[in-house]
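Visitor: So the chains spell out like this:
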Amino acid sequence: MRLLLVLLLTLLPALGQAEEVVLGLSRNNVAITANFDGSELLIFGAVKREEPIRQDLPLEVIITVTGPSTAVTVRRKERTFGIWVNRDSVDVDVAPSFYAVATTGPMTDVLKDIEDLRYKISINRAIRSVGAPSNILDAERFTDALIRIRQHRGLYLEDEGGVELDEQTLFRTSLRLPANLTEGRYKTRIFLTRGGDVISNYETEIEVRKVGLERLLYSLSRNQPMLYGLMSLAIAVAAGWGASEAFRLLRNS
Amino acid sequence: MQIYLPIAEVSVNAFLLLGLGGLVGVLSGMFGVGGGFLITPLLFFIGIPPAVAVATSANQIVASSISGVLAHFRRRTVDLKMGCVTLVGGLMGAALGVVVFNYLKSLGQVDLLVRLCYVVFLGIVGGLMFIESANAIRRSRQAAKAGRSAPVKRNKHNWVHALPFKMRFRTSGLYISVIPPIFVGFAVGILSAVMGVGGGFIMVPAMIYLLHMPTKVVIGTSLFQIIFVAGFTTFLHATTNYTVDVVLALLLLIGGVIGAQFGTQIGTRMKAEQLRILLALLVVMVCVKLGLELVLHPSELYTLAPVGEG
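Chains as they are written, first to last, in the working numbering: chain Z, 3 to 255; chain W, 36 to 345.
Hints are computed from structural coordinates only; laboratory data are not their basis. Virtual Cβ for every residue (Gly too), placed ideally from N, Cα, C. Careful, some of the hints might be misleading.
[Stated by the list, open to error] Distance ranges between label pairs, derived from CB positions:
hint : chain 1 : residue 1 : chain 2 : residue 2 : range
1    : W       : Gln-177   : Z       : Phe-83    : 42 to 48 Å
2    : W       : Arg-173   : Z       : Leu-215   : 53 to 59 Å
3    : Z       : Leu-215   : W       : Ser-175   : 50 to 56 Å
4    : W       : Ala-178   : Z       : Asn-254   : 53 to 59 Å
5    : W       : Leu-331   : Z       : Leu-251   : 47 to 53 Å
With the hints as constraints, model all of the structure from the sequences given.
Guide: Put into C-alpha cells, the structure is as follows:
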C-alpha cells in the first residue's frame, strides 16, 4: 500500500507535464578503440503531448551532454623578477571533463536566468567554484580561463541554434565528441522550455569506455602496476636489442 | 593515422610520434645522450600531459640507449667498470631525486623548478662545451698548419688524483679514485629524477672534463649507465604515478631504435671535436628556447591541473 503511494507520488509530476520528451540516440555507448579519433553523436527525439500545441509561446529545446566531473586547480602566472611564475590558484570544485550544450535559439531567449541557476544548463553554471581564497578578488577570471582553455580544446561546446525543431514536435542535433575524451558516464539532458521556463526535462546516459587493447592496457597499469612497469621495460629492452641485431644482419649481408 | 593512447587519453598521429622518436634516436646515437631533454619538451608541445610525457620518455630512453650501447659494445668503446661505478651513484641519486621531486611537488612550484633546472644546466653545460670544442678545433687547425698532429693536452694531474680508493679503469686508461665517478653518477641521478631525463647531456661532459675519460669511450659508457637509471625511473613512475603509456613508448622507441643506429654510424665518421661542438649547439638551442618561454609574456596566463597534482 505504501509502495503504491510512493509510486503515485513519483508519477504525479510526470502526469502534470503536458509535453514530454521521447528520445533517440544514434548510440548509447561510445567505444574508445586504438584508432579512436573523436565521434559524431546524433541526438534526436519527439515531443509527446496529450493536448493540442500551445500557440502562445514557442516551444524551445535545450540539449546538454556532461562528462564525468573532477576538481581542477587553475593557476595564474605572474611576472616575478623577470620570469613568469605560477602565483595565485583557485580550485574549481566541479568541472565536467566534457560539456556540450545545444539550443534551438539564443540562450537568453530560450532560458530564464533563474531556470539556468536551478538546472545548471549554461557552461558558466555547469562549473561550480566555491571558496576561492580570500586574497583573490577576481575568482571569476579563473573559471573564465578554465572555460576558455577547454573550449579551445573542443571539450566545452556551446551551440546556440544547433538544435533543429520541426513542427514543435521533432528535434535533432549532432555533437562532435573530441578525440581526447575521458572514460565514464556522460549524462545527457533534454529540456523543453516555453517563454524561458522549463516545462519538461528528460535524462539519460551515454557510456564512454575504452575497449579491447586500450581497456586491457589501462586496467593492467592500474591493477598490476609492477607487471605493467616490467612489461614496459621488457618491450624497451627487446626493441633496443632487436633493432641493433637487425642492423648488424643488414650490414653483414 | 590517428591513434588513441590508453594512458595519456589523447589521440595523436602515429607517424608524428615515429618521426619524433627517430629524430631523437639519431641524436642519441651520435652524442650518447638519451635524448630525454629533447623528447620531453617535444611531447608537451604535441599535447601529451606532462606527467605522462616525463614517465614515458624515460621508457623510450631505455630502448634507444640499449640499441646504441650494443653498437658501442661491438667496437669495445664501453668502460664497463666505470659504468658500474657511476651506476652505483646514479641509482642512489635517482632514489633521492624522487624524494626531492615529491617534496617540491607538495610545495607547488615543481614546474618552474624543472624549467629553471633545464635552463641553468643546459646553459652551463652547452656554453662550456662550445667554448672548449671551439678552442680544440682552432688548436688542431693551427697544429695542422705547423705540420704536426694535434697535441692531446689535458691536465692529467689535479686534486682528483689525490683522493683515496684508487681503481684501475683499463678501457679508459685511467687510474683514479672511485669517489669522483660515484659522485658524478649520484649528482646526475638526482637531476635525472627531478628533470625526467636520462642525464646524458650532463654525464658526457662530466666524464670528459671531470674524469678525463677519452671521448670515444665516454659515449658508450654514458649510454650503459643511462639504461639502468632510466629503467629505474620508468619503474618508479609506473608503480607510483601510473603515468607510463606503453603505446606511446612503443611508437617512440620504434622510431628511436632505428634512429639510434643511424646516429651511431654518423658519430663514428665524425671527429670528436666536431661531435662536441654540435652537441653544445643543440644544448644551447634548447636552453635558449626554454629560457625565452620563462621570460616572454605567455599567450595563456592560466594553466589547469587536477587538484592535488603538479
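Visitor: Assuming the hint says 47 to 53 Å, is it satisfied by the Cβ distance from Leu-331(W) to Leu-251(Z) or not?
Guide: At 49 Å between Cβs, range holds.
Visitor: Just to be sure I understand the hint, the distance between the Cβ atoms of Leu-215(Z) and Ser-175(W) should be within 50 to 56 Å; is that true here?
Guide: Taking Cβ atoms as reference, Leu-215(Z) and Ser-175(W) lie about 54 Å apart, which means the hint holds.
Visitor: Range first: 53 to 59 Å. Now tell me if the beta carbons of Ala-178(W) and Asn-254(Z) are that far apart.
Guide: 38 Å, violated
Visitor: Honestly, do Arg-173(W) and Leu-215(Z) meet the 53 to 59 Å range at C-beta?
Guide: 56 Å, holds
Visitor: Looking only at beta-carbon atoms, does the pair Gln-177(W), Phe-83(Z) fall within the given range of 42 to 48 Å?
Guide: 44 Å, holds
In summary, the structure is inconsistent with hint 4 from the numbered list given earlier, while agreeing with all the others.
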